Amino acid sequence: MTSCSPARFGRALAHDSVLHRRNPTVKLVVLLAVSSALLVPVDVATPTLVGLLLVPAAALAGRLPARTLATACAAFAPFAASLLAVNAVTRDGDVLARVAGLEVTRTGLVVGTSLAIRTLVVGALAVVFTATTDGPRLMTSLHQHARLPARVTYAILAGYRVLEGLPEAWTTIRRAQAVRDPSRRRGAPLPRDPASLARAAFALLVGALRQGERLSVTLQLRGLGAGPRTVLRPVPLAAADAALALVALGACGLALLASWRAGWLLTWSTLGSSSP
Amino acid sequence: MIETSALGVAYPGRAPVLRDLTLRVDAGERVLLLGPSGSGKSTLLRVLAGVVPQLVDADVSGRVLVAGQDATTTDPATLARDVGTLTQNPADQLCLPSVEEEVAFPLENRAWPRERIEQAVAHALARVGATHLRHRRTAELSGGEGQRVALAATLAAAPELLLLDEPTALLDPAAAREVGRLLRPAGGAQVLVEHRLDEVVDLPDRTVVLDDDGRLVADGPTREVLHDEAGRWHALGVRLPGAPWTARATRRTTAGSTAAGSRDVGTRTTRVLRARGLGVRRGGRDVLMGVDLDVHAGRVTAVVGLNGSGKSTLLLALAGLLPYTGGVEGGSVGLVFQQPEQQFLTRTVADEVAWGPRRARMPDPEGLARRALAAAALEHLADHDPFRLSGGQQRRLSVAAAAVCGHDVLLADEPTFGQDGRTTAATVALLRSLADEGRGLVVVTHDLALVADLADDLVVLADGRVLAHGPAADLLSAAPHGPLRTAGLVPADDHAQAHA
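Sequence lines, in order, name chains F and V. The first sequence begins at 3 in this note's numbering and counts up by one. The second sequence begins at 309 in this note's numbering and counts up by one.
Wrong hints could be hidden among the right ones.
[Unchecked claim] Here are a few chain V residues that face chain F, going by a calculated C-beta distance under 7 Å: (1) 401; (2) 425; (3) 650.
[To be verified] Quick list of simulated restraints, FRET-style, between CB atoms: (4) F/153 / V/540: 55 to 61 Å; (5) F/165 / V/592: 48 to 54 Å; (6) F/252 / V/363: 47 to 53 Å; (7) F/249 / V/435: 44 to 50 Å.
Note that these hints are calculated values from the structure, not bench results. If you're wondering where the values come from, they're calculated on a predicted model, not measured in any experiment. Every residue, glycine too, gets a C-beta built ideally from N, C-alpha and C.
Work out the full structure, taking the sequences as your base and the hints as a guide.
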């Protein structure tokens, strides 16, 4: 298994950092708040400003190497590019160019670029969040601090156990099914045609569903849902967490304010009524 | 602790699995529950835990009181305050990412204060010899370690009633003995369902036997029940403890096999597969080194060894499913995996068996499939979904589907994994008949009774190397001092069982 195998899914990177030690629920709320705030602007400057302030700071606080961050963010690039492309040719406004019979408008280009930058900024922050947050701690914290019912958080954790086992099961199933083919030669690679992969996926799904069912019975047989419960290792909620929220949300708010005062801010409602 | 009267259970659309069962188990009393496959043993435990009918739909009649509560209406989570359950598979019982969280979980659910949980977790882990595993991830545990952690989680709150459903079924002999030893009285009442009675050192004093129809047919002191009517239980397909391996081997001939003679003659029949200096490296580690193996037509070679000794890897290498060094030459190879469901490709039993012949463009694949299904006693299920068969049926189907392709060599990984005496016997008979047709078989197993029943030759693996290779009978009879002992497959002090 390589370091980027799915077995790492839901596990924080092994090193310690300021962000590793912060409360998972607070981090999640900050991420959601920034992501929501960025729904407002549709100009290019505002999300760029927020990104320039928050992403390097988050990467630094999480001690995340730039290369790791860039690689992980690359996953969001195709979505960002598609937002830019679709918006560029579907919005009314001054026509800047014609590409393959489609009209690229100025408004479309601005909105598309803004949404693409927003995707990359939120994506980068989400990458920092997952790289510094342990899945089980997040669940415990959501139960403690966000009042999410224990039935839900433990069901998610049991589901995580199923997910952890999937890569190995996938390999076993593909081998088990490949060897059923009498015409297969010794040492031939495992079949990759869509039909073979679909059959393997079906067996994988059946196995995962059955294991999930049995785990859910086990959760109840261990007494989950029988009344009030305690937590052996509670997740702390401290002043430093408040500081994190204040700094991050404050920076985001300042960027929005600065952009508004500078006259750069465009929103969905002011779009078209003024020009950047 | 347990009081049932006239208990009957039927799953929707099926014949009743338990009938008119009246049973009383007192506080602190331990009971061994025996019965053939399908006699309702597991169902009874699931009723006592509140799973049936509350989480799994079934018609339940009669009365069931567990720790003074009606088990058919009390929420299983509430019932769990008094009842602990341990089943076969660690993968189904370890729900949380780390060992500590797993063992603490039932105590958190009982709202114990943190300091008390801390102590109880340490105590429960120490009791099963797993203190060193406390900070490990559950996904990284071996089968034996996982089952010990699951046992710790079951015992942590000291439940008044323990329901143990074949807790050693999936473990290798060393791990099974270890867990078997840990099942000693914990103070509470116990109901134990177990096929591997040899591994449970300290059997309960009382034994209850269910028959095919799910009726109680015996209830008394274990010594009397097991020995006075041994023949009757044997006929019911109940495996008895301490039965010598040769006695079990006689079942092979009564099962209709013609193999009795072929084991002694034809020692040098045609070689169908030859492996020399076989080695496999995985994850920077040698898991198989310098293995030589000859497979002969008409003979069954068993491969035994503890978990991690390289047994399954050897089969994967022989089938050419992973990269290896050294040489393998010979005829075509089929491989039957441990879990039949992982190998199914179609949605009906008939298609499943016809799949290989169709793929190989053999003439009349449907006819071939029909005959193969008949040989595996599955023809009445031809239109059924393979994923909905019982465990024993799935196993026979997966063997039949591989056998129908006419391979020269058939490899099988733990073909009796998690099965009881009767379904094991059916699988053994099927495998033996394939060898008698002139194929070479290689069977990986941790079940020495199966080796005695089925194998002509035996390979003992330890740490990826061949520790011994020779006639199965010779190696088995030398068990207490020979390589089986060295490999940790039979205990040093177990002379009585090993002298077959």
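Residue 252 of chain F and residue 363 of chain V, beta-carbon distance inside 47 to 53 Å?
-> 49 Å, holds
Go through the hint on residue 401 of chain V and say holds or violated, using the shortest Cβ distance to chain F against 7 Å.
-> With a closest approach of 5 Å, the residue 401 of chain V hint holds.
Does residue 425 of chain V pass the interface hint, meaning its C-beta sits closer than 7 Å to a C-beta of chain F?
-> Holds: closest Cβ of chain F sits about 5 Å from residue 425 of chain V, inside 7 Å.
Chain F contact restraint for residue 650 of chain V - C-beta distance below 7 Å | Holds, because the Cβ-Cβ distance from residue 650 of chain V to chain F comes to roughly 4 Å (cut-off 7 Å).
Residue 165 of chain F and residue 592 of chain V, beta-carbon distance inside 48 to 54 Å?
-> Violated: the Cβ-Cβ distance is about 25 Å, outside 48 to 54 Å.
Given the hint of 44 to 50 Å, check if residue 249 of chain F and residue 435 of chain V actually sit that far apart at their C-beta atoms.
-> About 48 Å separates the Cβ atoms of residue 249 of chain F and residue 435 of chain V, which means 44 to 50 Å holds.
If you check the beta carbons of residue 153 of chain F and residue 540 of chain V, does the distance land in 55 to 61 Å?
-> 47 Å, violated
Checked against the numbered hints given earlier, this structure breaks hints 4 and 5; the rest are met.
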